[in-house]
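Going down the list, the sequences are from chains V and L. Going by the working numbering, the first sequence opens with residue 1, and the numbers climb by one from there. Going by the working numbering, the second sequence opens with residue 1, and the numbers climb by one from there.
These are computed hints drawn from the structure, not numbers from a lab. Here the structure is a predicted model, which is why all the values come from computation and not from measurement. A hint or two may mislead.
With a straight-line cut-off of 20 Å between C-alpha atoms, the simulated SDA-like cross-links for lysine to any residue are [said to hold, decoys possible]: (1) 65(L) x 157(V); (2) 10(L) x 99(L); (3) 108(L) x 11(V); (4) 149(V) x 22(L); (5) 10(L) x 65(L); (6) 65(L) x 146(V); (7) 108(L) x 156(V); (8) 11(V) x 47(V); (9) 108(L) x 151(V); (10) 108(L) x 114(V); (11) 136(L) x 18(L); (12) 71(L) x 130(V); (13) 65(L) x 127(V); (14) 51(L) x 98(L); (15) 71(L) x 151(V); (16) 65(L) x 45(V); (17) 65(L) x 130(V); (18) 149(V) x 108(L); (19) 65(L) x 101(V); (20) 71(L) x 43(L); (21) 65(L) x 136(L); (22) 65(L) x 129(V); (23) 65(L) x 47(V); (24) 144(L) x 3(L); (25) 101(V) x 45(V); (26) 145(V) x 63(L); (27) 65(L) x 152(V); (28) 108(L) x 157(V); (29) 108(L) x 55(V); (30) 149(V) x 45(L); (31) 108(L) x 125(L); (32) 65(L) x 11(V); (33) 132(L) x 45(L); (34) 65(L) x 68(V).
Some but not every residue of chain V turned toward chain L, in silico, with C-beta under 8 Å [claimed, not checked]: (35) 19; (36) 134; (37) 141; (38) 155.
Backbone N, C-alpha and C fix where the C-beta goes; we use that ideal spot for every residue, glycine too.
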Amino acid sequence: MKREDILNGIKDRFEDSITEFSDRSKKRVYIDIDHKVIKDVIKYMIHDIGARFNIASGIDARTEMEILYHFTIERINIIISFRVRINRDKPEIDSITPLIKGAEWIEREMHELLGINFIGHPNLKKLLLSEDWPEGVYPLRADYKEWDKDAIRDRGVK
Amino acid sequence: MSIKLKALLKSPWVFHLSTGSCNNCDIELLDCLTPRFDIERFGMVLIGSIKHADVLVCTGSVTRKCIPRIKEVYELAPRPIIVVAIGECSLSRGMFIDSYNCPVPLDKIIPVDVYVPGCPPKPEAIIAGVTKAIEKIRKSIKEKK
């Protein structure tokens, strides 16, 4: 399959769900997509096209939460990123771990650092933060504030 | 001088603890072992277990998850133990001072004897730091007599 065939295939298959399609360069394509169809997108990319799931990344965009699912197709040297936008007050999305085992840890990381709830994740607990980290405090959110009163934030020099 | 202190000063064994560092200080510490700097001429050997150590060398900004583990390593160490903090991160957390995961510097968790500043410090500075600690102990023993 050539580059055009793959991109046209995605366009045809998810015509109703794609809100923006930006063909940035020869090696980089961003596709904005509705978060309800993310499981179908991943099934299509892995099984039909044969892409490799690279990584997912989460961003707090202040008005909404963004998750980008990056796929690599090595045969034609391209990275395709699917961007989903979800409600910031109640961030919930279907987990892709039942489809891709490798997405388990990145979803756990996004859960603890950004507070995104992944529905259907088999083991949604802390990955990187310490055990005594308080519940409901998410350090990578834009409105994060210092919660630890014992923390020292000066170098001891006047 | 007791036989224990004499053995410690003659040949201090060094245990290396990385508390969430970027590996740059660790690489400089490994450079000390190479023939160019050769810390073995001071009798120093890098060893794999804290239970055999005389010197505890700490690198890296202290992360929240690492704090209980540092305390555990310090408790396991045989006394007397010299603690050497290497690099700006251990001393004052450097650029990670406002990080949510680095609440306190190393010397608020365990007592530190020698500070080696730098990002990363040169191998010469690390060797000078450890030898200074040895001299300090030697002098304090002489004064007692």
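Evaluation of the provided hints:
no., hint, in the structure
1, 65(L) x 157(V), "violated, 27 Å"
2, 10(L) x 99(L), "violated, 41 Å"
3, 108(L) x 11(V), "violated, 58 Å"
4, 149(V) x 22(L), "violated, 27 Å"
5, 10(L) x 65(L), "violated, 35 Å"
6, 65(L) x 146(V), "holds, 17 Å"
7, 108(L) x 156(V), "holds, 12 Å"
8, 11(V) x 47(V), "holds, 17 Å"
9, 108(L) x 151(V), "holds, 10 Å"
10, 108(L) x 114(V), "violated, 30 Å"
11, 136(L) x 18(L), "violated, 25 Å"
12, 71(L) x 130(V), "holds, 15 Å"
13, 65(L) x 127(V), "holds, 11 Å"
14, 51(L) x 98(L), "violated, 34 Å"
15, 71(L) x 151(V), "holds, 17 Å"
16, 65(L) x 45(V), "violated, 37 Å"
17, 65(L) x 130(V), "holds, 5 Å"
18, 149(V) x 108(L), "holds, 15 Å"
19, 65(L) x 101(V), "violated, 26 Å"
20, 71(L) x 43(L), "violated, 27 Å"
21, 65(L) x 136(L), "violated, 33 Å"
22, 65(L) x 129(V), "holds, 7 Å"
23, 65(L) x 47(V), "violated, 39 Å"
24, 144(L) x 3(L), "holds, 16 Å"
25, 101(V) x 45(V), "holds, 15 Å"
26, 145(V) x 63(L), "holds, 18 Å"
27, 65(L) x 152(V), "holds, 17 Å"
28, 108(L) x 157(V), "holds, 15 Å"
29, 108(L) x 55(V), "violated, 38 Å"
30, 149(V) x 45(L), "violated, 41 Å"
31, 108(L) x 125(L), "violated, 23 Å"
32, 65(L) x 11(V), "violated, 45 Å"
33, 132(L) x 45(L), "holds, 17 Å"
34, 65(L) x 68(V), "violated, 28 Å"
35, 19, "violated, 33 Å"
36, 134, "violated, 11 Å"
37, 141, "violated, 11 Å"
38, 155, "holds, 4 Å"
The structure shown violates the earlier hints numbered 1, 2, 3, 4, 5, 10, 11, 14, 16, 19, 20, 21, 23, 29, 30, 31, 32, 34, 35, 36 and 37.
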